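S.K.: Chains A and B, in that order, give the protein sequences. The numbers in our numbering rise by one with no breaks, and the one at position 145 of the first sequence is 145. The numbers in our numbering rise by one with no breaks, and the one at position 31 of the second sequence is 1031.
Honestly, the hints are just simulated from the structure, not real lab data. Be careful, since some hints might not be right.
Listing some non-contacts, in silico: residues in chain B with all C-beta distances to chain A over 12 Å [claimed, not checked]:
#1 Q1049
#2 I1062
#3 R1100
#4 R1144
#5 F1145
On the chain A side, residues computed to face chain B include the following (Cβ under 8 Å) [what the hints assert, rightly or not]:
#6 W56
#7 E82
#8 G273
#9 I330
#10 P334
#11 N336
#12 K339
Every value quoted in this text rests on a predicted model; they were computed, and no experiment measured them. Beta carbons are placed, not taken as given, at the ideal position from N, Cα and C, and that holds for glycine.
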Amino acid sequence: MAQAPFPTRDEVDFVIVGSGAAGGIMARELSEAGHSVVVLEQGPHLQAQDFKHDEWSLDHNGELMWGARDGHPQTFRKSENEIAEERESVCRYAHNVGGSSIHFSGNFWRLRPIDFMEASVRGTVPGTNFVDWPISYEDLEPYYTKVDWEIGVSGLQGPWDPPRSREYPCPPMPIKGSDVLLERAARQLGLNPYPAPVAILSQPHNGRPGCIHCGFCNGFGCEANAKSSTMVAMIPLALATGNCELRTGCTVSRVNTNEQGRASEVIYWEQDGTEQAQRARAVVICANGAETPRLLLLSESSQFPDGLANSSGVVGRNLMFNGYTTVAGIFEQPVNAWKSVPATRVIHDFYELDPSLGFYGGGGIDGRHPSRGAPLEFAQISGSVVPGPRWGSEFKRNLAHDFSHVAAFDGHTTSLPQSSNNVTLDPDVQDKWGRPAIRCTYMDHPDDLATMRWFLDKTTELMEAAGANRIEGSYPETGQEGNVHLLGTCRMGDDPATSVIDRNNRSHDVPNLFMCDGSTLVTSGRGQPTMTIMALAFRAADMINQAAERGEI
Amino acid sequence: MTQFHLSRRAFLGSVKNAARGSTILLTMPMILAACNRAEQARLSGEEFQTLSEEEANEFDAIAARIIPTDDTPGAAEAGVIYFMDNVLGDNREEELFLLRSGLRELQTAVALEFGGAYFHQLDASQQDQLLTQIENSTFFSTLRFLTLAGMFSLPEHGGNRDNIGYELIGYASQGAWTAPYGFYDADYAEKGE
Chain A
1 MAQAPFPTRD EVDFVIVGSG AAGGIMAREL SEAGHSVVVL EQGPHLQAQD FKHDEWSLDH
61 NGELMWGARD GHPQTFRKSE NEIAEERESV CRYAHNVGGS SIHFSGNFWR LRPIDFMEAS
121 VRGTVPGTNF VDWPISYEDL EPYYTKVDWE IGVSGLQGPW DPPRSREYPC PPMPIKGSDV
181 LLERAARQLG LNPYPAPVAI LSQPHNGRPG CIHCGFCNGF GCEANAKSST MVAMIPLALA
241 TGNCELRTGC TVSRVNTNEQ GRASEVIYWE QDGTEQAQRA RAVVICANGA ETPRLLLLSE
301 SSQFPDGLAN SSGVVGRNLM FNGYTTVAGI FEQPVNAWKS VPATRVIHDF YELDPSLGFY
361 GGGGIDGRHP SRGAPLEFAQ ISGSVVPGPR WGSEFKRNLA HDFSHVAAFD GHTTSLPQSS
421 NNVTLDPDVQ DKWGRPAIRC TYMDHPDDLA TMRWFLDKTT ELMEAAGANR IEGSYPETGQ
481 EGNVHLLGTC RMGDDPATSV IDRNNRSHDV PNLFMCDGST LVTSGRGQPT MTIMALAFRA
541 ADMINQAAER GEI
Chain B
1001 MTQFHLSRRA FLGSVKNAAR GSTILLTMPM ILAACNRAEQ ARLSGEEFQT LSEEEANEFD
1061 AIAARIIPTD DTPGAAEAGV IYFMDNVLGD NREEELFLLR SGLRELQTAV ALEFGGAYFH
1121 QLDASQQDQL LTQIENSTFF STLRFLTLAG MFSLPEHGGN RDNIGYELIG YASQGAWTAP
1181 YGFYDADYAE KGE
């Protein structure tokens, strides 16, 4: 069916900014409920045939992620006292229909009941904004199940998993050699490894085929349509309603408000620079944890001098990356961890670390290939993350041997919300549209670093138990300087003084403005946030549809 | 970005070498080999677009020490230099500038240490000696990165000829696999945990 073309001068029911993990779901849910919807996406509509195993173009030519060479510089600093410097790979995300659900690794861990009330159960951490969520696991569970079935998740309920109302639609992925090593080592240590849930189909589901195990998930688009991006799972359904128009190559510059302080139109540039304005009854911003706060800050006006929806001053603050650790081990026999999906086993015995350790934290462990199975990245990290010399004959011998004989055990850990970790507008650097660049200020909390250290030690112990010959481990011990998880910058909460949106994703300040993406998370979880971003999107869309029915938009 | 500089000690050391009168280490076979390579490129219609012939010879020689040719093909056979020529011409002026000034410094070191003019005319152990001195420099890490990228990127970008890089590491760019994938999962179905 042809897309609905809406004239910009006519008011549509909703403009959605961004078509990623949340925006794609929002587009489908709102249009299916009968609302007229315009989705503005700055990137192109790439599809299966466009996705190649082309590490160079993707990782070093900015094909999906864009960078300074494409006119999208970002700046970084560790503390607010420093002048931020231009840097590649700070707040990383894919610019295309489906957003980062196109190139994510697809690890789909649900949050657990504890995540929503950890501050009151565990106690808060002084100097941070570590608080409970305004909603509970029970509130979100039906929407997690919706993600399982409508987006498409493969897995098997594990011993530590939170309760679920329905089984997974697809069985878990076949185990990989790296995870056999992890599983056997974990049993030796008395732990409970179990199949990793992934947003990749192990068998046909919803008219899409099962995975062909090519090995190019993390950082790549799926050429088989087996990875459950919103581009394949949601956007086609949205367009088929006849109520949704998807406009690609459209970069939003600001959201305007009327005299009543309500969002009234969204201003954007078409690819050729032509400025357009789309009028709307309501606006939903799903632009990700870096771009959503930037857009709100850019939308300042005399009515909203500190940025739209920012009376709290919290927009852009409490940025959380999640921590990570990796231990690479070289084994006697071929592991071939570069084949198939990133991870097939997970260990969740350390979801909450013992408070008697003296720091807050927790995380999960899974088995992987240290370079996502990508050959060039493997060669790059050989001699650092993977042990050995960095050039010459022995380097070459190691490369030839290790690529297939390596396994990595990774830790994925908590990040505490801190005001001083944030996204703001850079005062000096601008992007190709003349907008202030994203300026990221970030330093992991001492507890976050201690948690990473703990997971590094635990995964090293696992690697030794697995029998690796050579072992090398690392984590960002001087603090992370960028990530793909962009969480917390428009946090959800009941108190308008300390949060940006209410429990139903509605702005406290602007009644017809909604934010829905990684920015709305209150705490970081243990990595793998997209499952929760998607569940929150289904829930927010449900709440918006219900409010619309009651005439409350 | 910082350029690489010879450490003061390395510089003084090389002056001493030069004072001792190191002979120029050009040999006919080396010259012929270098000429042959350039000639082959010309014959196959592959003129360099970005790099000069001299730069190509030098970077090619450095790449060949990063991934040497031994019982298996290395960076030279994979055509890494053509990858470099290709991508350095694609909006990468900064890297190109860095490499060019780094090369001038390296050639200065070649002259001081060994009395020659060109890195690619030194023998392998002399080349390794110089590269070891600069292995922490931005110049070297940029060339290392480009060498690896030329070795392991898709051949359509100019390097990794005949999938030499992929064959070296046992990677096959085929579209699909089925379990078991390796040694450790081979008996999982029967033995389980």
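S.K.: None of the hints should be skipped; say for each whether it holds.
M.R.: The hints, checked one at a time:
1. The Cβ of Q1049/B sits about 17 Å from the closest Cβ of chain A, beyond the 12 Å cut-off, so the non-interface label holds.
2. With a least CB separation of 9 Å from chain A, I1062/B falls inside the 12 Å interface cut-off, contrary to its annotation.
3. For R1100/B, the non-interface assignment is confirmed: its Cβ lies about 19 Å from the closest Cβ of chain A, beyond the 12 Å cut-off.
4. Under the 12 Å C-beta cut-off, the non-interface status given to R1144/B relative to chain A is violated; the minimum distance is some 6 Å.
5. The claim that F1145/B lies off the interface is violated: its Cβ sits roughly 7 Å from the closest Cβ of chain A, which falls inside the 12 Å cut-off.
6. The interface hint given for W56/A holds, since its Cβ lies 4 Å from the closest Cβ of chain B, which is under the 8 Å cut-off.
7. The beta carbon of E82/A comes no nearer than 19 Å to any beta carbon in chain B, farther than 8 Å, and the hint placing it at the interface is violated.
8. Interface hint status for G273/A: violated, as the beta-carbon distance to the closest one in chain B is roughly 20 Å, over 8 Å.
9. Annotation: interface hint on I330/A violated; nearest CB of chain B at approximately 13 Å, more than 8 Å.
10. Taking 8 Å as the C-beta contact cut-off toward chain B, the hint placing P334/A at the interface holds, the least distance being around 5 Å.
11. Hint status for N336/A relative to chain B: holds, with the closest Cβ pair at about 4 Å, below 8 Å.
12. Here the hint on K339/A is kept, as its CB sits about 4 Å from the closest CB of chain B, short of 8 Å.
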